[in-house]
Amino acid sequence: MTIADVKQKIADSSAVAQVEVAIAAAEKTTSHNVYLHITRERALARAKAVDAGEITGKLAGVPFALKDNFLHFDGPTTAASKFLDSFEAPLQAEAVERIEAEGAICIGTVNLDAFAHGGSTENSAFGVTKNAVDAERVAGGSSGGSAVAVALGTVPFALGTDTGGSIRQPASFNGVVGLKPTYGAVSRYGVVAMASGTDTIGVLSESVEDTELVMDIMAGQDKKDMTTLPDFFAPAAAAPNAKKLALIKEFMADGVDEGVKARILAAAEALKQQGYTIEEVSLPILKHALAVYYVVVPAEISSNLARYDGIRYGNRSSEANTLDEVYKKSRTAGFVAENKRRILIGSYVLSSGYFDAYYQKAQKVRTLIIQDCQKVLAEYDALIGPVAPSPAFKAGRNADPLTSYLEDVMTVPASLAGFPAVSVPVGEANGLPVGLQIIGDRQKDADILAIAKEVEALGE
Amino acid sequence: MTHITTETLENVISISALEFTPAEKERVAADIENILDYIDQMNELDTDGVEPTYQVTDLQNVWREDAVDETLLARDELLKTAGENVTQSQVKVPKVL
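These protein sequences, in sequence, are chains A and B. Numbering follows the working numbering, with no gaps: position 128 of the first sequence is 128. Add 1000 to the 1-based position in the second sequence for the working numbering, that's all there is to it.
Looking at chain A on its own, in the form it has when it is part of the complex:
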């Protein structure tokens, strides 16, 4: 389902009718555990206003789903944690405000790994979200709910967040489009912070064109988020003329699923037929990206999650008698195991005596990663490769945390570098969706989307 399809249906019936259709479809997804809360009251009120001509815009009446780490009205913003299970936000995220200003209608919030820590949605305090194609497998994550909400056709698009792959990987696992924009492209005001150095806001949708449209509406400077860049995003009329792509050799190495590699190579071959030059390029530095990521990001998580103290918002432990116990018991009850693990790693690497060896060292290696990638991007329009080493895996597979972290190996480089990256479906391996990842230099978001459109057209 695309935005254009929905707009046609609204024209033929009404916004109220289409919002009711979307809510009914969302309610049918309970077996997949996608939606955490349906924002029915506000959605129907806004739909009535669209039908009355009081709300207009490029997305007038178009329903969407919201990852439950964007502050929003009508119901709690939980970040899929017990800490915030009854937290009613006093404001809405800027990204939500911007798409609502164009008439879009949020029909509900969707599941994620608690505080967006994870790549399978298994770390949610409210249960795992099941894959849209094979319910025995995970949705991916952390924006698993967003990807499945789109893949099951409940909404034409959903918002997500991507700190190390959290939009691209679930998009790939469920066969939808997912864009992580350039760092700083979209305001993060009102979004639950994970790691501020790489957190980004992006879109998941069925078509590339819809992601482009929503990006065009959301992107741009916001004085409430001082890390936002002056608006640079404008949809590109065509893909870059050079048509030169670098296939990352290390992403096609032994250990990567053969079915995934076959789909990537088939897409590359088809692009060559369309006039693209595709060359294998080696970026040996990328093998260090995951190590850097799992220093820098836990460090920032430990700092950002210090705000959850059970005092001003979030659940306060009823067993606490002293102030110190309020902090410790509220945090111990409110966080899931993965949150705690990341906080501990972060506290450790930032500790006196370890800072230079870990945090400082990691940020220096990060510089080398960026330099080597940019050398390649000076010669090619984009880097391409898989999004993850395998298609969606079975729920409960990853018992040990390091094995789970290794799933992020192909998505963290773009996060550390602040590059835009999109996952676009390129068919299936053993019946499971596979996405092609296209990574561009900073602010080349429109170019990678234009290339993604040509990839999308290969399958038609």
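It is possible that part of the hints are untrue.
[Claimed, not checked] Each computed DSSO-like pair below joins lysine-lysine, with the alpha-carbon atoms no more than 30 Å apart:
no.: 1; chain 1: A; residue 1: Lys82; chain 2: B; residue 2: Lys1080
no.: 2; chain 1: A; residue 1: Lys375; chain 2: A; residue 2: Lys272
no.: 3; chain 1: A; residue 1: Lys224; chain 2: B; residue 2: Lys1092
no.: 4; chain 1: A; residue 1: Lys224; chain 2: B; residue 2: Lys1080
no.: 5; chain 1: A; residue 1: Lys394; chain 2: A; residue 2: Lys28
no.: 6; chain 1: A; residue 1: Lys82; chain 2: A; residue 2: Lys224
no.: 7; chain 1: A; residue 1: Lys394; chain 2: B; residue 2: Lys1095
no.: 8; chain 1: A; residue 1: Lys82; chain 2: B; residue 2: Lys1092
no.: 9; chain 1: A; residue 1: Lys394; chain 2: A; residue 2: Lys82
no.: 10; chain 1: A; residue 1: Lys223; chain 2: B; residue 2: Lys1095
no.: 11; chain 1: A; residue 1: Lys453; chain 2: A; residue 2: Lys7
no.: 12; chain 1: A; residue 1: Lys394; chain 2: A; residue 2: Lys287
no.: 13; chain 1: A; residue 1: Lys261; chain 2: A; residue 2: Lys453
no.: 14; chain 1: A; residue 1: Lys58; chain 2: A; residue 2: Lys48
no.: 15; chain 1: A; residue 1: Lys48; chain 2: B; residue 2: Lys1080
no.: 16; chain 1: B; residue 1: Lys1025; chain 2: A; residue 2: Lys244
no.: 17; chain 1: A; residue 1: Lys249; chain 2: A; residue 2: Lys375
no.: 18; chain 1: B; residue 1: Lys1095; chain 2: A; residue 2: Lys82
[What the hints assert, rightly or not] Covered stretches of chain B, going by a simulated chain A footprint (3 or more residues, C-beta under 8 Å):
no.: 19; region: 1012-1021
no.: 20; region: 1024-1032
no.: 21; region: 1056-1062
Because the hints were derived from the structure by calculation, they are not lab data. From the three backbone atoms N, C-alpha and C, an ideal C-beta is built for every residue, glycine too.
Since chain A is already given, all that's left is putting chain B on it; use the hints.
Only chain B this time, still in chain A's reference frame:
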């Protein structure tokens, strides 16, 4: 192999304001040691003279006027997030001193 001493683990747990049972401590220490061992591969690289990257926007100081902004929320709106732990427009906490 990285080894985290009991003293270091207790300190990290304490500054993180978390509580763990003895069994959880054992498991989390092993997890962290495992992850730190993986992270140690960074040391294969010579980074002498390399500048660290702390941010990727290239933005310089972004200033604003030091003035009350009308877009900020009213105090009472924000206090609602503290739920029942509010009295006379103040957030209640257990005795500090």
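Checked hints:
For the proposed pair Lys82(A) and Lys1080(B), the alpha carbon gap of about 18 Å is at most 30 Å, so the pair holds. For the proposed pair Lys375(A) and Lys272(A), the alpha carbon gap of about 23 Å is at most 30 Å, so the pair holds. Our distance criterion of 30 Å between C-alpha atoms is met by Lys224(A) and Lys1092(B), whose separation comes to about 29 Å. Pair hint Lys224(A) plus Lys1080(B) holds up; C-alpha atoms about 22 Å apart against a cutoff of 30 Å.
Proposed proximity of Lys394(A) and Lys28(A) is supported: the alpha carbons are some 23 Å apart, at most 30 Å. A distance of roughly 28 Å separates the Cα atoms of Lys82(A) and Lys224(A); the hinted pair therefore holds under the 30 Å criterion. Between the alpha carbons of Lys394(A) and Lys1095(B) the distance comes to roughly 49 Å, so the proposed pair goes past 30 Å and is violated. As the CA atoms of Lys82(A) and Lys1092(B) are separated by approximately 21 Å, the hinted pair is consistent with the 30 Å bound.
Distance check on the hinted pair: Lys394(A) and Lys82(A) sit about 25 Å apart at the alpha-carbon level, within 30 Å; holds. Using a Cα cut-off of 30 Å, the hinted pair Lys223(A) and Lys1095(B) is violated, with the two alpha carbons roughly 38 Å apart. Straight-line distance between C-alpha atoms of Lys453(A) and Lys7(A) comes to about 21 Å, which keeps the hinted pair within the 30 Å bound. A threshold of 30 Å between alpha carbons decides the hint, and for Lys394(A) with Lys287(A) the separation of about 25 Å falls inside it, so the pair holds.
As the CA atoms of Lys261(A) and Lys453(A) are separated by approximately 21 Å, the hinted pair is consistent with the 30 Å bound. The straight-line distance between the Cα atoms of Lys58(A) and Lys48(A) is roughly 17 Å, inside the 30 Å bound, and the hint therefore holds. A C-alpha spacing of about 29 Å is found between Lys48(A) and Lys1080(B), which places the hinted pair at or below 30 Å, so the restraint holds. With a CA separation close to 51 Å, the supplied pair Lys1025(B) and Lys244(A) exceeds the 30 Å bound.
The suggested pairing of Lys249(A) with Lys375(A) holds, with an alpha-carbon distance near 15 Å, which does not exceed 30 Å. A C-alpha spacing of about 26 Å is found between Lys1095(B) and Lys82(A), which places the hinted pair at or below 30 Å, so the restraint holds. Counting residues of the region 1012-1021 of chain B whose beta carbon lies closer than 8 Å to any beta carbon of chain A gives 8, which meets the minimum of three for the stated coverage. By the rule of at least three residues with a Cβ nearer than 8 Å to a Cβ of chain A, the coverage given for the region 1024-1032 of chain B holds, with 3 such residues.
Evaluation of the coverage hint for the region 1056-1062 of chain B: fulfilled, as 4 residues show C-beta separations to chain A shorter than 8 Å, against a requirement of three.
Hint violations for this structure: numbers 7, 10, 16, all remaining hints satisfied.
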